[in-house]
Amino acid sequence: MAAIESSPRHEEGMSNGMLGFILFLASEVMFFGGLFAAYFIARADAQEWPPVNLLTEEQIAAGVQLEMHVGLPAIATAILITSSIVIQWAEFQIKKGNQAGLIWGLFITLAMGVIFLAMQMYDYAQLDFGAGDTIYGTTFYTLTGFHGAHVFGGAVFILIVLLRALGGQFSAQRHEAVRACSIYWHFVDVVWIALFTILYIVPE
Amino acid sequence: MRRYGIRKTIRSVATIGIAGAASLFAYSSAFAAFGQPGGVTDEARDMHNLYLVTLAIAAVVFLAVQGALIYIIIRYRRGKREDMPAQIHGSNIVEFIWVGIPVAIVLALFTYTVIVLNTVERGADEDDMSVHVQGFQFGWEFTYSMDNLGPERSEAGSDEEFSIVGAGLDSPELVIPVDERVEFQLQSDDVIHSFYVVDFLYKLDLVPGRDNRFAVTPRETGVYQGYCAELCGVDHALMRFTVRVVEQDEFDDWVEEMRGGGEEAVSGASDTTSAVREP
Amino acid sequence: MATVAAPGTQAYARPALLDWLTTVDHKKLGILYLYFTMFFFAVGGILALLVRTQLAVADSSFVSNNAYNQIFTMHASAMLFLFIIPVWAGFGNYLVPLQIGAADMAFPRINALSFWLLPPAGILMFAGFLVEGGSANAGWTAYSPLAQQSGSGMDLWIISVIILGVSSTIGAANFMVTMFRMRAPGMTMFRMPIFCWTMLVTAVLQLLATPVLAAALTMLFIDRNFGGAFFDPNTGGNAILWQNIFWFYSHPAVYIMILPGMGIISEIIPVFSRKPLFGYKAFVFATMAIGGLGFSVWAHHMFTTGAVLLPFFSFMTFLIGVPTGVKIFNWLGTMWRGSITFTTPMLFGIGFVSMFLIGGINGMFSAVVPIDFAIHDTYFVVAHIHYVLFGGSVMAVFGGFYYWFPKIWGRKLNETLGKWHFGLMLIGFNLAFFPMHLLGLDGMPRRIATYSESGWEALNFASTVGSFLIGVSMIPFLIAVVAAFMRPKDQPDDPWEANTLEWGTTSPPPVYNFDELPEVRSERPLFDRRHPDLAGGGH
Ligand code: HEA
Ligand code: HEA
Ligand code: CUA
Ligand SMILES: [Cu+2]
Numbered sequence: 000m001a002a003i004e005s006s007p008r009h010e011e012g013m014s015n016g017m018l019g020f021i022l023f024l025a026s027e028v029m030f031f032g033g034l035f036a037a038y039f040i041a042r043a044d045a046q047e048w049p050p051v052n053l054l055t056e057e058q059i060a061a062g063v064q065l066e067m068h069v070g071l072p073a074i075a076t077a078i079l080i081t082s083s084i085v086i087q088w089a090e091f092q093i094k095k096g097n098q099a100g101l102i103w104g105l106f107i108t109l110a111m112g113v114i115f116l117a118m119q120m121y122d123y124a125q126l127d128f129g130a131g132d133t134i135y136g137t138t139f140y141t142l143t144g145f146h147g148a149h150v151f152g153g154a155v156f157i158l159i160v161l162l163r164a165l166g167g168q169f170s171a172q173r174h175e176a177v178r179a180c181s182i183y184w185h186f187v188d189v190v191w192i193a194l195f196t197i198l199y200i201v202p203e
Numbered sequence: 000m001r002r003y004g005i006r007k008t009i010r011s012v013a014t015i016g017i018a019g020a021a022s023l024f025a026y027s028s029a030f031a032a033f034g035q036p037g038g039v040t041d042e043a044r045d046m047h048n049l050y051l052v053t054l055a056i057a058a059v060v061f062l063a064v065q066g067a068l069i070y071i072i073i074r075y076r077r078g079k080r081e082d083m084p085a086q087i088h089g090s091n092i093v094e095f096i097w098v099g100i101p102v103a104i105v106l107a108l109f110t111y112t113v114i115v116l117n118t119v120e121r122g123a124d125e126d127d128m129s130v131h132v133q134g135f136q137f138g139w140e141f142t143y144s145m146d147n148l149g150p151e152r153s154e155a156g157s158d159e160e161f162s163i164v165g166a167g168l169d170s171p172e173l174v175i176p177v178d179e180r181v182e183f184q185l186q187s188d189d190v191i192h193s194f195y196v197v198d199f200l201y202k203l204d205l206v207p208g209r210d211n212r213f214a215v216t217p218r219e220t221g222v223y224q225g226y227c228a229e230l231c232g233v234d235h236a237l238m239r240f241t242v243r244v245v246e247q248d249e250f251d252d253w254v255e256e257m258r259g260g261g262e263e264a265v266s267g268a269s270d271t272t273s274a275v276r277e278p
Numbered sequence: 000m001a002t003v004a005a006p007g008t009q010a011y012a013r014p015a016l017l018d019w020l021t022t023v024d025h026k027k028l029g030i031l032y033l034y035f036t037m038f039f040f041a042v043g044g045i046l047a048l049l050v051r052t053q054l055a056v057a058d059s060s061f062v063s064n065n066a067y068n069q070i071f072t073m074h075a076s077a078m079l080f081l082f083i084i085p086v087w088a089g090f091g092n093y094l095v096p097l098q099i100g101a102a103d104m105a106f107p108r109i110n111a112l113s114f115w116l117l118p119p120a121g122i123l124m125f126a127g128f129l130v131e132g133g134s135a136n137a138g139w140t141a142y143s144p145l146a147q148q149s150g151s152g153m154d155l156w157i158i159s160v161i162i163l164g165v166s167s168t169i170g171a172a173n174f175m176v177t178m179f180r181m182r183a184p185g186m187t188m189f190r191m192p193i194f195c196w197t198m199l200v201t202a203v204l205q206l207l208a209t210p211v212l213a214a215a216l217t218m219l220f221i222d223r224n225f226g227g228a229f230f231d232p233n234t235g236g237n238a239i240l241w242q243n244i245f246w247f248y249s250h251p252a253v254y255i256m257i258l259p260g261m262g263i264i265s266e267i268i269p270v271f272s273r274k275p276l277f278g279y280k281a282f283v284f285a286t287m288a289i290g291g292l293g294f295s296v297w298a299h300h301m302f303t304t305g306a307v308l309l310p311f312f313s314f315m316t317f318l319i320g321v322p323t324g325v326k327i328f329n330w331l332g333t334m335w336r337g338s339i340t341f342t343t344p345m346l347f348g349i350g351f352v353s354m355f356l357i358g359g360i361n362g363m364f365s366a367v368v369p370i371d372f373a374i375h376d377t378y379f380v381v382a383h384i385h386y387v388l389f390g391g392s393v394m395a396v397f398g399g400f401y402y403w404f405p406k407i408w409g410r411k412l413n414e415t416l417g418k419w420h421f422g423l424m425l426i427g428f429n430l431a432f433f434p435m436h437l438l439g440l441d442g443m444p445r446r447i448a449t450y451s452e453s454g455w456e457a458l459n460f461a462s463t464v465g466s467f468l469i470g471v472s473m474i475p476f477l478i479a480v481v482a483a484f485m486r487p488k489d490q491p492d493d494p495w496e497a498n499t500l501e502w503g504t505t506s507p508p509p510v511y512n513f514d515e516l517p518e519v520r521s522e523r524p525l526f527d528r529r530h531p532d533l534a535g536g537g538h
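Chains A, B and C, in that order, give the protein sequences. Read in numbering that gives the first Met the number 0, the first sequence has 67 at position 68, and its numbers run on one by one without any break. Read in numbering that gives the first Met the number 0, the second sequence has 95 at position 96, and its numbers run on one by one without any break. Read in numbering that gives the first Met the number 0, the third sequence has 319 at position 320, and its numbers run on one by one without any break.
Don't read these hints as lab results, they were simulated from the structure. Where hints are given, some of them may not hold.
[What the hints assert, rightly or not] Where chain C lies over chain A, by a calculated footprint (3+ residues, C-beta under 8 Å):
| # | stretch |
| --- | --- |
| 1 | 17 to 24 |
| 2 | 32 to 39 |
| 3 | 43 to 52 |
| 4 | 134 to 145 |
For each residue, glycine too, the CB sits at the ideal point set by N, CA and C.
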């Protein structure tokens, strides 16, 4: 479209695309901020946490238990953090012009992302409470669910970048998509660390 | 001053002038009746005074700025002049002045606001009379319990209660004694409502899951109109009620009547209320 | 530098309709935005007239209570989400690249996406009238738990508003990048036209606040459809949470709705006073201050919930009056000792200053918490809403229309009709909304489908008459538009002797905007070119 520029681009620093992408991330931060706020307010209101006092007779009879199992998610967390390191490594490789390193790095990151999602699904299946079981269930599934959706989005992003990498589209000089992709993946990772901390580590 | 092109200019100025004057007139004629009711409780009277002060400040700010605007557009209209006016880009001193004056006004008004706020939000004492107000879609239930009727009337430990219920056009009436501090305990289990008595100059929401209360000391007997002020569904508009402030002995008689009457008194009460209209 | 010639537009024949549907040109998208939003202004206005008809007399049964709730909810939703917020994106789209001397927005395709999200959102929202239970009916504020009770029209409303939020968020990022990156040589940040500055601050507000609304709407959707407990106190939720999150967005949103309007006025007033904007930098800083403070006052909508820190939010709200005052005074300072002509755009500019002043001052009444206890949720607040949004934003929309019409369409709107439009609208407006102050003080709650107090009838009737007069005032406007389109494009580049770059190209501009860019050495490049002797002294 804009075949002719009427104004010089300020080529120093980041490109327009990257700036736009970072602004987009800022809006994502605000979105999660809203969801986190809901969680903290629920915590502040609660007499006890998990709020077992709020369970109805029927829920108890149906076997609802407001309990989390930390083991599996802890492993998933470790995987996600590692994957963040891997994608950063991949980015360093392409900076050095190492195409193969990039491809392998992206591939491993993608695999780890998929494993993370699978583990999250499995974890959901394990739990004895649902999204409707008190504010505990609602906040848990909403926060982790939206995070999961972002992991999925990130995985798709990685897949696209991977395919482009296989097509040899990146070089030591031109690899902005890789940078954007890794920044996004770090963002998803950081959100998860925050989530894991508040949901699993400090539940009392 | 400038003689040329006056006719055309006048016509344009007239457009704004007339409309400006119309709104100015509306504003100032309204000023006399710029009608907040005076308020019938101690708290409302404080709030009304604050309102009058705010109104005075607002009027001064409005007249000064609007006046300046009208003056400027008349004084500096172009007419047939073709010369360029001096290109003034701004002035830091002037900017500081017109930041400073509003800041001063704002600080003063805020201080007064906090003072009034503290008296209004003081709340009730331990043994003040209280009425429980339950809002529901679309009506009200006012419950009096005998161990909560103020220092003179309370029967400590009594669990005797009576209520007045009304919904829709059959609006209920809440009765309280004059010159006594009364606390309203507001509660709702469905959606948010808001307890608004116009002459108290006050409203407070009934929020599911919250225990909201406020206290007032009414100083004038009479019947005052109340509304639900928070959109709560189809018949929100019909969620009206009245508050009747009566002499203290009249209130005592009323309480006796209500206690004796039990269920009947409840319906009897709503009968009388539907007969009562606005003050 | 741009050298592409304009006449090439028709070089290859593409069906005009397809061209409009697939365009990524910022000017065409801007025009599409303007058509779309003006359509919804009419729709929202007609709904408003239904409201006024119902309220004209006491105990009226023109519409049912249930229908009434839907009508005023959709009136506000259309006016805010489908008219006033996107209309600025329309003006911004058309003008920002031109004013900073760029060929297009930074991301033309994303720009097209921002626009094309609107029509489906508009359709979804209004499809509510067709589903069982009717459209959304809990007010534009959709307070929970009430919003849990509405029918599926509410879900459509939620989805629609989320889509609109996405549109406005990505649009905001686009505007920001455009203004940060694509300015013409010589155009420093502090030489950008004021309208661009207000669009920039607006974009920041949109980028940071709109996602929070999306989060709130998501929670509401989950509560309504998946048994969530966010806002239900019985299962550990919090009924006030909705209000906190909603207003965290919606207070900044009211500045999203006014700042670009202030920008437009700040373009118009200097041109027709033949003076530079008084205190350009002060104006920019005031805009930033309003944007910043805007994030710290949201709970002034919640003074009567008993759940917020009253003095803090009162104080911050008070403070917002100060930078707003700076702007009003700067406009006065601009006109002072100027050489004022009363063209139609200028009339709307003056009308804005005058009417927004009233709206701002009565907003300050609500900041005084004990006064708000009385006037909250009464017609006093409805008066405030319309003095700022109609007396402010809508005045600016029309001012901008008359001002840029020659640039956008190459024709001028008839001045006499314009003055009739302005005069009738101003009188109708004051007649419609001034009485609401008195009704509110006298205790008339807002959002009531009907009332029985005979004492309120006269004022309500006056208000209804006024609102129809506003409707009538649209007739000269529409005639002027139709008449203009029947004339040839005869407008010169710069019919108003204006200041900013968009007037340095043809009317309408060629596809890539500029054949040649004027030199930029101050915030008024065209003025400098016209008056080399007076140039300088700016920034
Ligand atoms: C364009 C939109 C717009 C704008 C610009 C504003 C501007 C302001 N608003 Fe308004 N507001 C709304 C749109 C807007 N508002 C809407 C839609 C609602 C209702 C929502 C709903 O419930 O449906 C609302 C509701 C609303 C409330 C809640 C009322 C209630 O529900 O009880 C409050 C409370 O404080 C408030 C305050 C203010 C203030 C202080 C300003 C200030 O920014 C005004 C500042 C301007 C001036 C003060 C005038 C100029 C200044 C001077 C001349 C300097 C001298 C001044 C002083 C010394 C003070 N607004
Ligand atoms: C930009 C915002 C905006 C605008 C422009 C308006 C414009 C108008 N508003 Fe609105 N209003 C709101 C935003 C706005 N409003 C909001 C946010 C609320 C709060 C809602 C809530 O409580 O949830 C509200 C609420 C509200 C109420 C209170 C409802 C209640 O609480 O019960 C009323 C009552 O009179 C009202 C009236 C009007 C009127 C008469 C106009 C008029 O100015 C309209 C004038 C326009 C026209 C008359 C249309 C012009 C017609 C054409 C251009 C085309 C003509 C074509 C044909 C006829 C075919 N509005
Ligand atoms: Cu209850 Cu409105
Ligand atoms: Cu606000």
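Right, here's what the structure says about each hint:
| no. | hint | result |
| --- | --- | --- |
| 1 | 17 to 24 | holds (count 4) |
| 2 | 32 to 39 | holds (count 5) |
| 3 | 43 to 52 | holds (count 3) |
| 4 | 134 to 145 | holds (count 7) |
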